[in-house]
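A.B. asks: The residues making up each chain are set out below.
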Amino acid sequence: MAVEQGVSKYKIATRSSKRISRRIAPNLDWLTVFLYFLLVSLGWMNIYAAVYSPDNVVNIFSFDINSGKQLVWIGTSLVLILVLLVVDYKIYEHLAYPIYGFVILLLLFTLAVASPIAGSRSWLDLGGGVRLQPAELAKFATALAASKFLSTSNLRQQQWKDHMILAAITLLPPAIIILQNETGSALVFAAFVIAYFREGMSPLILVIGGVSAFIFIMTLLVPKLYLIIGIVVLMVLAVWLDYRLMRRLKMMAALLLLIVGMVFSVDYFVNDVLQPHQQNRIRALINPEADPLGFGWNVTQSKIAIGSGGFFGKGFLEGTQTKFDFVPEQSTDFIFCTIGEEHGWIGSTLLIALFMVLLIRIVYIAERQKSVFGRTYGYCVASIIFFHFLVNVGMTIGLAPVVGIPLPFFSYGGSSLWSFTILLFILLAIDAYRTQELVRSNKMNR
Amino acid sequence: MDYLENRKYVIQTIFLVVGIVFAIRLFYIQVVDSSYKQAAETNAIKTIVQYPFRGLIYDRNGQLLVQNTPVYDLMIVPKEAKSPDSLRLCSLLNITIEDLRERIKKAKAYSYVKPSIFYQKLSTEEFGHIQDNLIDFPGFYINARTARGYPHQSLAHALGYIAEISPRELEDTTYKGYRPGDYIGKSGIEQAYEKYLMGRRGVKYKMVNVRGIEKGSFKDGAYDTLAIAGQNLISTIDLDLQKYGEFLMNGAKGSIVALEPSTGEILTYISSPFYDPNLLTGKEYGSNYLNLLKGQDKPMFNRPIMASSNPPGSIFKLVQALIALEEGVITPATQFYCNRALVNCHNHNSPLDLYGAIQQSCNPYFYQTYRALVNQGKSRNTFKDTSIGLAEWREQVLSFGFGQKLGIDLPNEKKGIVASPELYDKIYGKNRWKFSTIYSLSIGQGELGVTPLQMANFMAIVANKGYYYMPHIIRSIGEDGEPLPEYRVQNKTTVNPKHYIPVIEGMAAVARRGGTAAIANLEHLGITICGKTGTAQNPQGKDHAVFVAFAPKEDPKIAIAVYVENAGWGGSSAAPIASLMIEKYLTDSVSRKKVEEWVLSREYLNMK
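Just so you know, the sequences run in chain order A and B.
So in my numbering, spot 394 of the first sequence is number 394, and the numbers just go up one at a time.
So in my numbering, spot 274 of the second sequence is number 274, and the numbers just go up one at a time.
Wrong hints could be hidden among the right ones.
[What the hints assert, rightly or not] Listed next, the stretches of chain A that the computed footprint assigns to chain B, with coverage defined by at least 3 CB atoms under 8 Å from CB atoms of chain B:
id : stretch
1  : 189-200
2  : 342-349
3  : 356-365
4  : 389-395
Keep in mind that the hints were calculated from the coordinates and are not lab data.
We treat Cβ as the ideally placed atom computed from N, Cα and C, and that holds for glycine.
Hey, can you work out the whole structure from these sequences and the hints?
C.D. replies: This is the structure we're talking about:
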């Protein structure tokens with residue numbers, strides 16, 4: 001049997017070119033591949049629409065504009081996809097830690113050598129005008145490392161050591177990224193909580209996270225005193241409804257104290273810790289109308305662009321708000337405005353539906369993996385895409401603060417497209433070999 | 001089953017809830033709440049267009065043919081022009097209140113926030129009035145532009161005119177990037193060289209904020225562009241000769257086209273009746289245009305390139321002679337009797353050789369020549385033989401530029417007609433026609449249609465002994481540029497250069513004592529004119545007079561075709577006009593005042 005395996009390995013190695021067509025094609029999740037290409041091409045057209053100007057019409061393929069450049073990124077992504085599918089899928093699991101380690105070093109290296117661009121030291125100049133943002137690579141590297149770690153330990157057993165290691169794996173990259181002054185990209189790592197939840201992390205963390213976010217926002221909206229009174233009233237109400245809580249009075253008091261402490265610290269945090277532009281972003285979220293031409297500009301203009309699209313939209317290249325860059329960063333972070341304005345509610349809802357189908361499909365793929373590694377990685381992919389989607393679309397419609405993170409597969413930018421392509425196609429490569437895993441384990445059983 | 005597996009439902013629910021919340025929120029801001037749409041309307045950029053100077057056009061000697069004169073348009077931005085003092089505005093512009101309302105309505109229909117032309121081409125006087133009062137009319141402003149001016153009132157047909165772009169042209173992809181209210185070349189050089197002449201518009205963007213207040217340059221002027229003037233053009237036209245030709249043709253109908261044989265450059269381009277090109281600028285453009293369009297003798301008809309249905313008449317005998325020599329069916333010494341039983345002729349010596357036949361324009365000679373040419377006995381069936389002969393003959397005729405567009409750099413050129421076997425098959429049926437059916441081709445009548453430009457080009461070919469450059473009217477794009485590349489390609493005919501020599505000798509005899517155009521003789525000035533008269537039959541009325549010529553015989557400098565409608569025999573009107581043009585061009589003066597007087601007397605129009 002060993003000989004047989006050797007032969008088949010040999011064959012695989014020599015026929016790597018036929019690998020995709022023979023071995024992967026039947027098992028590749030074509031629905032996801034289709035969704036990927038659909039999103040990428042729609043994104044490309046909307047990038048063109050975002051930079052399109054009727055007074056100076058430039059061909060969509062022209063390298064002078066973002067759509068032409070994006071085409072290069074799309075082309076190189078195709079090469080990436082081929083490589084990812086041809087490489088032995090086991091490498092991702094075996095090399096998870098080395099890849100993670102390499103990316104950490106790259107992040108540190110970038111921090112050390114990068115010259116600041118718009119206040120951020122996250123870009124690595126590759127020469128020839130090509131720049132790379134290693135923070136984008138940190139997402140899939142961290143997903144690989146976390147999945148590898150979870151495949152060897154178990155979150156259900158309340159072992160603090162495992163929790164600490166996992167937390168360290170997850171928080172190290174965003175810590176460096178914050179030092180690079182790319183807070184937006186760092187926030188994405190919060191998404192891993194969703195994947196860990198599936199692997200057994202206590203739901204309490206999710207609940208605490210949710211409640212904290214709620215209190216955080218309420219602190220900004222409502223004066224402190226009213227907020228605290230409101231919370232006390234809520235607690236009294238809870239005790240009145242369920243007298244058993246009387247027995248936990250001590251715990252209730254501790255909780256109240258904790259919340260009050262949090263309210264004050266949020267206030268302190270926003271006003272004294274955050275940098276002015278970050279404060280503005282948070283204020284813009286709460287009340288963008290307060291200064292529509294000042295700090296609320298992005299959100300106001302973005303909502304105007306989307307809102308003016310109406311039910312059916314103004315039509316491809318017909319957007320009036322988009323043509324003169326009323327909305328900043330239109331082909332990158334605010335690409336959703338173009339959809340909203342030119343394709344209306346129908347178009348934006350269809351795009352949301354596309355992302356929903358993609359996310360649900362990824363969860364489905366994750367669930368059918370035989371290994372914990374594969375499953376966890378799948379959930380990491382879904383969580384990261386979801387978080388980007390949540391924050392990116394949310395900020396354009398005024399439901400999330402303005403955080404400079406791209407819409408997956410859609411926004412203009414090579415680093416972002418590459419990073420999401422790698423993220424997704426590693427999962428598809430692992431998934432395409434899941435039957436081999438089965439065959440192998442069957443043989444073992446015999 | 002793993003109890004954790006149920007958590008996948010929790011996660012999927014979170015995803016879906018977010019998706020649904022987004023869709024609902026979008027529905028609210030896109031469909032329910034209309035305030036965003038209003039905000040988008042007021043989120044405006046004021047665009048200020050700077051029109052570039054359109055390129056100027058000069059004649060070959062540096063005289064200005066087309067210039068720019070400033071005009072002022074009154075613009076309106078309906079949104080800002082809320083409730084103007086209508087009565088005062090009406091009196092300032094001298095328009096009725098209904099007219100005023102109509103104009104405002106039109107502007108609003110175009111755009112509520114974008115500027116459009118409210119009143120076009122203010123006179124200098126009106127401009128002065130309004131400029132002083134403009135401060136009381138918010139939403140109105142003056143846009144300065146330039147219009148075309150023609151200092152010499154000449155060459156209207158070739159220059160063409162410019163006018164506001166039409167809605168249909170706006171949809172045409174050729175005019176991509178143009179906007180309503182832009183001016184484009186509508187005919188002539190103005191149309192053909194639009195892309196060189198137009199230059200590039202400059203645009204300045206001023207940002208207007210939510211409260212309608214200018215916030216200064218948009219993006220610090222990053223999108224602003226400077227106007228770039230169009231390129232000047234240098235025409236091949238010799239303005240002095242052009243004016244002299246118009247002087248000679250004034251009152252007659254017809255065309256004069258003169259070319260420089262060695263280059264194909266057009267020296268004179270006259271379509272008579274002609275008009276002052278200044279009529280098609282200024283405010284009366286519309287009514288003037290209609291008058292010209294409907295005017296007597298069709299002044300807008302561009303005869304040199306559009307009068308394509310007229311047969312060439314006897315000048316075509318030269319083509320027959322050249323092809324017959326090439327085919328070897330005659331030699332210069334071949335003689336034929338002037339047999340009037342074949343086709344009518346006038347009194348002259350008989351028999352004649354080729355030289356004599358050209359000099360006397362002997363109809364039976366060319367009847368017999370053409371019969372020998374078409375019926376070469378390539379088939380025993382005379383019908384088939386004629387068909388083969390005609391097809392072969394046609395091939396050669398086409399090589400002279402007949403029956404096809406010569407590719408002049410002016411729009412709307414016509415092809416003309418050269419008889420073909422297919423045409424006769426259609427008229428008479430296959431194998432139902434033979435030489436006796438088509439013999440009138442031999443003397444340039446029948447199924448032949450030749451434009452005056454093609455005639456002049458034919459003279460250039462003979463002058464060059466067998467080749468031509470496509471006739472063109474612009475010799476330089478930019479002030480020391482070149483013509484378009486297609487005008488630098490030599491086109492050859494199928495006829496060997498040596499066969500041109502006897503034909504040229506015959507043509508030289510035409511303008512000598514005893515020839516059909518002795519009046520055109522310039523040998524006392526040391527200039528030998530080679531020419532040929534023609535009379536084109538005209539079913540609608542009196543025959544048209546034709547004269548084609550080139551001169552001097554050695555080293556030709558000018559090739560010319562003169563076509564005078566309803567002037568009868570070519571020798572009486574077209575030949576003297578052509579000879580005067582040649583004299584004027586080659587000697588820079590006119591010594592034969594008697595000939596000039598004769599032409600100007602127009603008496604030839606009354607001759608039988």
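A.B. asks: It remains to establish, for every hint, whether it holds in the given structure.
C.D. replies: Hints, verified against the model:
no.	hint	result
1	189-200	holds (count 5)
2	342-349	holds (count 4)
3	356-365	holds (count 4)
4	389-395	holds (count 4)
Comparing the model with each numbered hint stated earlier shows that all of them hold.
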